[in-house]
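Q: Here's the letter readout for the chains.
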Amino acid sequence: MELDVVGLSRLQFAMTALYHFLFVPLTLGLSVVIAIMETVYVMTARPIWREMTKFWGSLFGINFVLGVATGLTMEFQFGMNWSYYSHYVGDIFGAPLAIEGLMAFFLEATFVGLFFFGWDRMSKLGHLAATWAVAAGSNFSALWILIANGWMQNPVGSAFNPATMRMEVVNFFEVVFNPVAQAKFVHTVSAGYVTASAFVLGVSAWYVLKGRHVALAKRSMAVACSFGLLSSLSVVVLGDESGYLANEHQRMKLAAIEGMWETEAAPAAFTAIGFPNQAARETHHILQIPGALGLIATRSLNTEVPGIRELVARAQERIRSGILAYDALQTIRAARGAGVPTDVRNAFEENGTNLGYALLLLRHVDDPRRATPAQIEAASWDLVPPVAPLFWSFRIMVAIGFFLILLMGTFFWLSAKQRLDHYRWLLWVAVWAIPLPWIAAEMGWIVAELGRQPWVVEGVLPTAVAVSSLGITQVALTLAGFVILYSALFVVEMGLMLRAIRKGPPPEADLPYLPYAQSAPTRGILPAE
Amino acid sequence: MTLHTLIDFEILRLIWWVLLGVLLIGFAATDGFDMGVGALLPFVAKTDAERRVAINTVGPVWEGNQVWFILGGGAIFAAWPPLYAVSFSGFYLAMFVVLAALILRPVAFKYRSKRDCPRWRAAWDWALFIGGFVPALIFGVAVGNVLQGVPFRLNDDLRAFYEGSFFGLLNPFALLCGLLSVSMLVMHGGGWLALKAEGAVAARARAYGSIAALATIVLFALAGLMLWAFIDGYRIVGEVAVAGPSNPLIKNATVAAGAWFDNYAARPWQWVAPAMGLVGAALALVSLQSRFDGLPILASGVSIFGVISTVGLAMFPFILPSSIDPRSSLTVWDSSSSHQTLFIMLCVTVIFLPIVLAYTAWAYRILWGKVTEGQVTGEHGHFY
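Just so you know, the sequences run in chain order R and Z. Numbering of the first sequence is given in full-length UniProt numbering, commencing with residue 1 and proceeding in unit increments. Numbering of the second sequence is given in full-length UniProt numbering, commencing with residue 1 and proceeding in unit increments.
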């Protein structure tokens, strides 16, 4: 990646997005875990469940606020650094973002205030409703942002309008019910649930190891491992692998993930370990599992999974078609609404969906219509994303995914047998496993978004065309600013989180066996009026 | 789908222009008092307990209020994509400063009282001050620049090129607008503290709020005079296709002295807006001196409504005029989303905005009442 305006803008987006996603999965999952705990409290009236809700709620708060703060950057960066993107696809992409604000953020943010400040001002059921509203709000926000992201991966329901020089909505229902978006939503929120489960499990395991807050910790572990087992299965089973055949570039992403340069006879083998070499356009296979990839990716025995070379060859056809569309577009624009010859109109109708492929040539030639065959070939090879990073990120993610199923399953079994504190080494494993879901989630985003390159919107708009007309100094300045600000906030956040964990829940939370009569539900901060 | 043709493209554009105003006013009227409280924090609250009272008056609500800002960004993206693209990339470094300030603010709210160390708390108090003062100033400066026209041009591909600099934004008229914006939100924050705090904090808030209300009146009048005397407005030249494609380059526009007062001359009832800006601030000034708790915040809300509407009505149909290529200026008739997107977004808004307003009102009702030192210094840890 060159460090020009495009490169720096990409770096800034990647950095701020990956940073934002350090906080999002825990928010997604912990909001649900807390809501489950509070539901148990309301149903059983046992105060320990209220203390659990409050304790995990306080950790939730420390994390939540950074998710909100860094989310601001995400919302504004499209306009700041990717203004041509914003113009070109805002008609489609802006809508889910606005709906996210209206439907999800208001819900989440209004009720999170009541969650923290409303304990003594609301009835038990009222407060429980507020907690579930926070959980629903954060999950809705994931839905809408993934509808937006899914459209970038699989731009359905839209068409290019020469009069406005941008993509416009044709069918909004297709945008909302985009299969790629739906698969991503389930995969991502499940990953968030696993993250929160591993967090609660690991922190609780540490308390058990230290002999502190044991009653609270064991109950928390029971919730975490049951919820975690279900969601870790959901992450893998409902993983978004199925979305990888939705379009040509998703196939390219799949081929890159597998380091598969040649098309193989169906069902293709899965390379467990190998070393992709981008320059030589080959992968040195170490360990292959016959037939596995074909089964996973196509859910059939006889559908072929195309290799990189075949996809590149097919792309050259689309680039040539895109040049025809580009040529027709210039004629249509020159006419400025006046009569356009029918054959030009038809040429655009026929080739318009490949217009984006002509824009790929802008890296090699000023006017795509004058591209030489060599330039077309070069542009077609630009379509191959960085293979080795995708190959490895994916494998790390999957390995962690399977490990977490095993971990959650083990603890679920221990919990059912009432043996949670029998194996100290297992408790240590749970403690050390806390960072793993985060690593997997970040790897997942690298696979999804690095794999989308060189497109910002698959087949529609190349990333290099999408940037703002900014000076390199400006972008470098804000990038440096974000690095400094975000690093400082990370240190502060980790410091507070670790302090809060070390401090643990307040002393009254350790008196779980109080009879109901003594549970004093009326303790209040306000004088009775 | 042809459902969207139920409402004319022209009407939808007008509705979304009004909704843009609703969002800006909603943001200024709700998150505005949070920012005002932030900017007032070092002045109205001296001891740690006082600071905590001031912070906790907005503690449970700033998060929801801030969504008006986020939604504002999202709605501009969805309904006015060229405006989102041109303004955010054009004001690039200013936007970054706003972002940095607004990132610090939530963190400061949440983390400030997590540790007892006085230096820790003092540092976060500064962050709250910056998070209130800086965005308020920059938003005003931005509006001041928009009224003068922004140096950008669009090429035939509708790619925007910005030819100004960060320091070029800091011209006298824009700075005047920035100060107006700060004083307006400080007045609003003062009104909020008069309602939600008591004792020394409320008394100081009334005093500073009064100064801010007076400043709002003076600066608003001064800005109006400067606009009339020194700032050229913009006019569309020739035919306007009000339901045409969203392509700014298909119209022509020109710079003209006094053009920002055209609408007021054509529709004199619009003078109600500036009148509300002044009368609201005057009423806030008077009521901050009185014993009424709830009146100042309502009055300053009216003033905010008046001031923001004044700008919008002056510029209509312009949204973002270009000083170096008036033809590139973004207007209501050529910078919107497509007919269908505007329609879908309107449906979503009609369904969800009332729901949002309903549960927001419910939340404020639950949190009704004064915040006292006794509450925040009590043993229960859920206060900031």
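Be aware that a few hints might be false.
[Unchecked claim] List time: in silico BS3-like cross-link candidates among lysine-lysine, alpha-carbon distance up to 30 Å:
1) R:K503 / R:K124
2) Z:K114 / R:K210
3) R:K124 / Z:K46
4) Z:K114 / R:K503
5) R:K218 / Z:K114
6) R:K503 / R:K218
[As the list claims (entries may be wrong)] Distance ranges between label pairs, derived from CB positions:
7) R:E317 / Z:N155: 52 to 60 Å
8) Z:F166 / R:T342: 46 to 54 Å
9) R:A129 / Z:N155: 51 to 59 Å
10) R:P179 / Z:Y264: 50 to 58 Å
11) Z:G294 / R:P454: 42 to 50 Å
12) R:S123 / Z:M226: 26 to 34 Å
13) R:R336 / Z:A256: 22 to 30 Å
14) R:P454 / Z:W269: 30 to 38 Å
15) Z:G294 / R:E2: 56 to 64 Å
16) R:R309 / Z:T2: 20 to 28 Å
17) Z:A358 / R:S123: 15 to 23 Å
[Claimed, not checked] Just a few of them, taken from the derived set where beta-carbon distance is under 10 Å, the chain Z residues facing chain R:
18) A75
19) V86
20) Y92
21) V107
22) K114
23) V146
24) Q148
25) A160
26) G164
27) T341
28) W362
29) I366
If you are wondering where the hints come from, they were derived from the structure by calculation, not from laboratory data. None of these values were measured; they are calculated from a predicted model. Don't be surprised by glycine CBs; every beta carbon is placed ideally from N, CA and C.
Q: For each hint, tell me whether it holds in the structure or not.
A: Hint-by-hint comparison with the structure:
1. R:K503 / R:K124: 27 Å, holds
2. Z:K114 / R:K210: Holds. Z:K114 to R:K210 sits at ~24 Å (cutoff 30 Å).
3. R:K124 / Z:K46: 37 Å, violated
4. Z:K114 / R:K503: 12 Å, holds
5. R:K218 / Z:K114: 27 Å, holds
6. R:K503 / R:K218: 17 Å, holds
7. R:E317 / Z:N155: 52 to 60 Å: 30 Å, violated
8. Z:F166 / R:T342: 46 to 54 Å: Once the Cβ atoms are compared, 50 Å apart, the range 46 to 54 Å for R:T342 and Z:F166 holds.
9. R:A129 / Z:N155: 51 to 59 Å: Holds, since R:A129 and Z:N155 (Cβ atoms, about 53 Å apart) stay within the stated range.
10. R:P179 / Z:Y264: 50 to 58 Å: 53 Å, holds
11. Z:G294 / R:P454: 42 to 50 Å: Given range 42 to 50 Å: violated, Cβ gap about 58 Å.
12. R:S123 / Z:M226: 26 to 34 Å: Hint violated: Cβ distance 55 Å, outside 26 to 34 Å.
13. R:R336 / Z:A256: 22 to 30 Å: 26 Å, holds
14. R:P454 / Z:W269: 30 to 38 Å: Since R:P454 and Z:W269 have Cβ atoms about 55 Å apart, the given range 30 to 38 Å is violated.
15. Z:G294 / R:E2: 56 to 64 Å: 59 Å Cβ-Cβ, so the 56 to 64 Å window holds.
16. R:R309 / Z:T2: 20 to 28 Å: 45 Å, violated
17. Z:A358 / R:S123: 15 to 23 Å: 19 Å, holds
18. A75: 5 Å, holds
19. V86: 7 Å, holds
20. Y92: 6 Å, holds
21. V107: Check passed: Cβ of Z:V107 comes within 6 Å of chain R, closer than 10 Å.
22. K114: 6 Å, holds
23. V146: 15 Å, violated
24. Q148: 21 Å, violated
25. A160: Since the shortest Cβ distance to chain R is 6 Å, the answer is holds.
26. G164: 12 Å, violated
27. T341: 5 Å, holds
28. W362: Hint holds; Z:W362 Cβ to chain R Cβ min 9 Å, cut 10 Å.
29. I366: With a minimum Cβ separation of about 5 Å from chain R (threshold 10 Å), the hint on Z:I366 holds.
Of the numbered hints listed earlier, those contradicted by the structure are 3, 7, 11, 12, 14, 16, 23, 24, 26.
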